[in-house]
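Participant: Protein chains in written order, with the numbering used here: chain E, 1 to 136; chain V, 1 to 386.
These aren't lab readings, by the way, just hints derived from the structure by calculation. Only a predicted model underlies this, so the values are computations on that prediction, with no experimental measurement involved. From the three backbone atoms N, C-alpha and C, an ideal C-beta is built for every residue, glycine too. There's no promise every hint is true.
[Claimed, not checked] Facing chain V, according to a computed beta carbon distance under 8 Å, are these residues of chain E, among others:
(1) P7
(2) F18
(3) S67
(4) F68
(5) Y85
(6) I112
(7) L129
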Amino acid sequence: MTLSTRPKPLLDNWNKPFWAACAEGRLTLQRCKATGKCFFPPAPVSPFTGRPEWEWITASGCGTLWSFVVFHQSYFPGMRDELPYPVVMVKLDEGPYLLTNIEGLAPEDLKIGMRMAVRFLGGPEGFVLPQFGPEA
Amino acid sequence: MPPDTRPQSPAVHLPWPLRDKVAFVGIGTTRYGNFPETDSYGLGCEALNAALDDAGLTTAEIDGLIVNRIPSYERFAEMMGINPQFCLLTEAPGRFSGVSLALAAQAIVTGAAKTVALVYGNNGRSVRMLYGGGDSQWSPWGMTSPGAIHAMMWQRHMHDFGTKHGDLGEVSVAFRHHATLNPVAVMHGKPITLEEHATARPICEPLKLLDYCLINDGAVAWIMTSAERAKDLKRPPVLLSGYARQDCFAYGSAPADDYWYPTLSACRSVYDRAGFGRDDIQGLGIYDNFTPTVMFSLEGLGFCKQGESGEFVKGGTLRLGTGRWPTNTSGGHLSDSYMQGWGIIAECVRQLRGDCGERQIPNARAMQYICATHIAQSLILRRADA
Chain E
1 MTLSTRPKPL LDNWNKPFWA ACAEGRLTLQ RCKATGKCFF PPAPVSPFTG
51 RPEWEWITAS GCGTLWSFVV FHQSYFPGMR DELPYPVVMV KLDEGPYLLT
101 NIEGLAPEDL KIGMRMAVRF LGGPEGFVLP QFGPEA
Chain V
1 MPPDTRPQSP AVHLPWPLRD KVAFVGIGTT RYGNFPETDS YGLGCEALNA
51 ALDDAGLTTA EIDGLIVNRI PSYERFAEMM GINPQFCLLT EAPGRFSGVS
101 LALAAQAIVT GAAKTVALVY GNNGRSVRML YGGGDSQWSP WGMTSPGAIH
151 AMMWQRHMHD FGTKHGDLGE VSVAFRHHAT LNPVAVMHGK PITLEEHATA
201 RPICEPLKLL DYCLINDGAV AWIMTSAERA KDLKRPPVLL SGYARQDCFA
251 YGSAPADDYW YPTLSACRSV YDRAGFGRDD IQGLGIYDNF TPTVMFSLEG
301 LGFCKQGESG EFVKGGTLRL GTGRWPTNTS GGHLSDSYMQ GWGIIAECVR
351 QLRGDCGERQ IPNARAMQYI CATHIAQSLI LRRADA
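Make the full structure from the sequences, and use the hints.
Facilitator: Structure follows, in structure tokens:
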């Protein structure tokens with residue numbers, strides 16, 4: 001893996017807590033206080049109400065594989081060595097989707113609907129990128 | 001995906017207040033290719049002059065201006081010597097071709113402008129525009145580019161409905177066939193087979209090279225005015241009979257997990273707005289940045305049931321001469337050029353005027369355009385004398 005040469009996340013005031021939690025090995029999500037539903041990417045308000053009434057929760061880190069692709073085209077210099085690389089779309093048990101990568105699985109072993117769980121293995125300087133592998 | 005209530009059906013205004021009120025009276029397109037000696041301004045001026053000549057108008061008669069993919073409306077208006085009473089620059093994504101069209105129609109009907117020039121210019125090829133890379137929400141995971149978003153959706157579609165990558169080949173091959181009939185298409189003289197589609201270089205699997213559109217330099221201009229004024233102009237007027245749009249921005253910047261099916265289905269109101277149905281339409285223009293959007297469009301607008309687009313397109317359904325639904329007769333984005341819907345709508349107008357030569361749809365009286373994106377849209381154009 002070459003997570004250290006990955007593009008850095010774009011930080012804003014809303015996603016800083018998400019990335020700080022990842023650095024501690026926790027996957028967090030904002031949860032709407034009125035509806036109890038989670039959302040991602042981080043935002044100033046809940047999309048369910050439009051109101052700034054939400055709280056951070058630690059997510060289960062588990063979900064199912066919704067879909068996946070395999071990149072053959074190079075878009076990021078820091079990922080050239082990983083080509084061809086898969087990107088997976090995981091539907092978290094809490095509802096939101098994450099676009100992420102797989103660890104411990106070859107692309108040909110991916111099956112839509114399979115259970116996945118988060119891994120924290122590293123990232124570009126100052127960050128840990130959530131990756132996903134088979135649920136234990 | 002966050003807000004779990006998705007739009008199902010927009011208000012249908014019957015009769016649609018804008019039905020047949022506005023007409024296309026001038027169309028201009030440049031060549032498409034690699035033209036480093038000019039830019040989007042130069043190309044836009046060329047297309048607008050062609051459209052003015054086509055309409056028999058001069059810039060003095062243009063009192064509304066919408067520009068797209070040209071950096072400054074102000075500079076463009078200055079260059080062309082246009083001082084309108086209605087002017088704006090619309091957003092870059094291709095969904096804004098249809099949005100711009102609707103804005104122009106509204107301006108004309110409400111009296112904000114009498115005659116609107118809409119000008120699209122793009123020099124993406126000569127400046128080596130890359131639709132991907134850069135910083136974004138998902139770049140740390142290597143997720144980027146519109147093509148990858150469609151690849152993600154098609155992978156899931158295959159899982160949900162049993163469609164195949166090969167089904168997309170029918171789309172590529174049909175549109176390439178049309179390019180062989182269009183002497184100015186970028187891929188003129190280069191027919192392809194289903195086998196070549198299947199074995200092309202993978203870009204973002206499951207999609208391969210021939211599932212992707214062609215980036216080029218070029219420009220397209222349309223001139224629109226009221227149906228009443230259009231009667232006195234040079235070319236046979238083409239009327240905007242219906243337009244329907246439904247947005248959904250609930251996808252959290254991830255691929256649409258519903259193939260835009262609810263919003264595209266909502267756009268079926270276009271038939272009620274136009275006042276006639278699918279049976280009265282002879283051909284289609286479908287926004288084909290990638291082959292899967294054609295499938296999503298056909299399913300969403302109800303040409304076939306959801307999941308059945310693979311079967312529907314088999315055997316040349318979209319192919320001129322053999323199929324009921326000749327689609328993107330210029331070659332479309334896949335085999336003519338990615339002019340972000342502007343060129344496809346221009347082709348619909350040309351079909352309705354009978355300007356299309358070898359690729360003419362016999363007796364074309366009405367054409368439907370469909371765009372599957374977060375701003376789902378469909379519009380129906382018809383000949384004024386049809």
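Participant: Go through the hint on S67/E and say holds or violated, using the shortest Cβ distance to chain V against 8 Å.
Facilitator: Since the shortest Cβ distance to chain V is 4 Å, the answer is holds.
Participant: Does the closest beta carbon of chain V sit nearer than 8 Å to the beta carbon of F68/E?
Facilitator: Where the cut-off is 8 Å and the nearest Cβ of chain V is about 6 Å from F68/E, the hint holds.
Participant: Hint check: is the beta carbon of Y85/E less than 8 Å from a beta carbon of chain V?
Facilitator: With a closest approach of 6 Å, the Y85/E hint holds.
Participant: Minimum Cβ distance from F18/E to chain V below 8 Å?
Facilitator: 11 Å, violated
Participant: Report holds or violated for the interface hint on I112/E, using the least CB-CB distance to chain V and a cut-off of 8 Å.
Facilitator: 4 Å, holds
Participant: Any CB of chain V closer than 8 Å to the CB of P7/E?
Facilitator: Because about 4 Å separates P7/E from the closest Cβ in chain V, which is inside the 8 Å limit, the hint holds.
Participant: May I ask you to test the interface hint for L129/E with respect to chain V, counting a Cβ-Cβ separation under 8 Å as satisfied?
Facilitator: 5 Å, holds
Of the numbered hints stated above, the single one contradicted by the structure is hint 2.
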